[in-house]
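For this one, chain A is given, so just place chain B on it according to the hints.
These protein sequence lines map, in sequence, to chains A and B. This note's numbering puts the first residue of the first sequence at 126, with every later residue one more than the last. This note's numbering puts the first residue of the second sequence at 9, with every later residue one more than the last.
Please note that a few of the clues may not be correct.
[What the hints assert, rightly or not] Here are the simulated DSS-like cross-link-like pairs (lysine-lysine), alpha carbons at most 27 angstroms apart as the crow flies:
(1) B:Lys45 to B:Lys78
(2) B:Lys45 to B:Lys74
(3) B:Lys190 to B:Lys152
(4) B:Lys74 to A:Lys201
(5) A:Lys170 to B:Lys210
(6) B:Lys74 to B:Lys87
(7) B:Lys78 to B:Lys152
(8) B:Lys74 to B:Lys106
(9) A:Lys200 to B:Lys87
(10) B:Lys190 to B:Lys87
(11) A:Lys170 to A:Lys200
(12) A:Lys201 to B:Lys78
(13) B:Lys45 to A:Lys201
(14) A:Lys170 to B:Lys190
(15) A:Lys170 to B:Lys74
(16) B:Lys152 to B:Lys210
(17) B:Lys190 to A:Lys129
(18) B:Lys152 to A:Lys200
(19) B:Lys152 to B:Lys87
(20) B:Lys210 to A:Lys129
(21) B:Lys45 to A:Lys200
(22) B:Lys106 to B:Lys78
(23) A:Lys200 to B:Lys190
No lab work stands behind these hints: they were computed from the structure.
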Amino acid sequence: MTCKEFLALLDDLIDDEVTPGMRTELQTHLGRCGHCEVVLNTTRKTIEIYRSHEIYDLPTDLRERLHSAIMSRCKKGC
Amino acid sequence: MPTIQSIAGQIEPHPDVALVERVRGGDVSAYDTLVRKYERQLFRIAQHITQNREDAEDVMQDAFLKAYEKLEQFQGNSKFYTWLVRIAVNESLMRLRKRRTGKMVSIDEDIETDEGSVPRDLADWAPDPEQNYGQAELAEILRKTIQGLPPGFRIVFVLRDVEGLSTEETAETLGLSVPAVKSRLLRARLQLRERLSRYFHKRKGLMETGTVK
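Isolated chain A (complex conformation):
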């Protein structure tokens, strides 16, 4: 397997959508290619960081204000 072929299957590997046979091939490639191992690990980390950090915070007071505005209009039939 070449690095290009590995990259084409990177998402499937990250999302756990590969067959056991394909997984073995990918693992074999990883065992001998440090670059692809870095790409895999850092791509996983990229996703994890974005998933676990709130970058657009909705402060409680603003949230309450928007919530009240929405519900008050819904109660009036919008």
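What follows is chain B alone, placed relative to chain A:
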């Protein structure tokens, strides 16, 4: 009808379906529950697309009001959340069009780029690299980095990886094919990885560069 698989193997309706039915029956408090459940997510999605806080506030309100008005049209063949996100994405794109008068805004914009399709930065990251930054500094890095993605990549990454929609739900929400979502997701992930690398490299040790074979 959206369903979840119970332990016993029986199909049970998604809890949102019961709330939607109550709203349809005139119980506004059930809608209050749905708004509380999803307001943060909708605000985040709107902010990611519009990149403007005031627009995101307006989009969030408009999306919930529109969903309330159109609740009869909700068929139940997709999740309520997915249906709601679709409304919010459309509202966000409309808001962007208004702001950039005369300029076409769509999720197909600016996707003709090869950036990130071949990883170039192959140096490893520090273990738990985010711990090298304060919370506010890290948030700024993450915002700046994701804002630099083409809109069509950014929306796919946000829905699929941040908000946890499936590939199929993301495709349905954006009116894209599943292969188009998969292709954009890979490019988005690789571009973000590439751009974050400059912040998250190991601070000491060998800085390795090169290209994949």
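Structure-based check of all given hints:
{"no.": "1", "hint": "B:Lys45 to B:Lys78", "result": "holds, 19 angstroms"}
{"no.": "2", "hint": "B:Lys45 to B:Lys74", "result": "holds, 17 angstroms"}
{"no.": "3", "hint": "B:Lys190 to B:Lys152", "result": "holds, 23 angstroms"}
{"no.": "4", "hint": "B:Lys74 to A:Lys201", "result": "holds, 14 angstroms"}
{"no.": "5", "hint": "A:Lys170 to B:Lys210", "result": "holds, 14 angstroms"}
{"no.": "6", "hint": "B:Lys74 to B:Lys87", "result": "holds, 17 angstroms"}
{"no.": "7", "hint": "B:Lys78 to B:Lys152", "result": "violated, 36 angstroms"}
{"no.": "8", "hint": "B:Lys74 to B:Lys106", "result": "holds, 18 angstroms"}
{"no.": "9", "hint": "A:Lys200 to B:Lys87", "result": "holds, 24 angstroms"}
{"no.": "10", "hint": "B:Lys190 to B:Lys87", "result": "holds, 21 angstroms"}
{"no.": "11", "hint": "A:Lys170 to A:Lys200", "result": "violated, 44 angstroms"}
{"no.": "12", "hint": "A:Lys201 to B:Lys78", "result": "holds, 15 angstroms"}
{"no.": "13", "hint": "B:Lys45 to A:Lys201", "result": "holds, 21 angstroms"}
{"no.": "14", "hint": "A:Lys170 to B:Lys190", "result": "holds, 19 angstroms"}
{"no.": "15", "hint": "A:Lys170 to B:Lys74", "result": "violated, 37 angstroms"}
{"no.": "16", "hint": "B:Lys152 to B:Lys210", "result": "holds, 21 angstroms"}
{"no.": "17", "hint": "B:Lys190 to A:Lys129", "result": "holds, 16 angstroms"}
{"no.": "18", "hint": "B:Lys152 to A:Lys200", "result": "violated, 39 angstroms"}
{"no.": "19", "hint": "B:Lys152 to B:Lys87", "result": "violated, 31 angstroms"}
{"no.": "20", "hint": "B:Lys210 to A:Lys129", "result": "holds, 25 angstroms"}
{"no.": "21", "hint": "B:Lys45 to A:Lys200", "result": "holds, 18 angstroms"}
{"no.": "22", "hint": "B:Lys106 to B:Lys78", "result": "holds, 23 angstroms"}
{"no.": "23", "hint": "A:Lys200 to B:Lys190", "result": "violated, 41 angstroms"}
In this structure, the earlier hints numbered 7, 11, 15, 18, 19 and 23 are contradicted, and the remaining ones agree with it.
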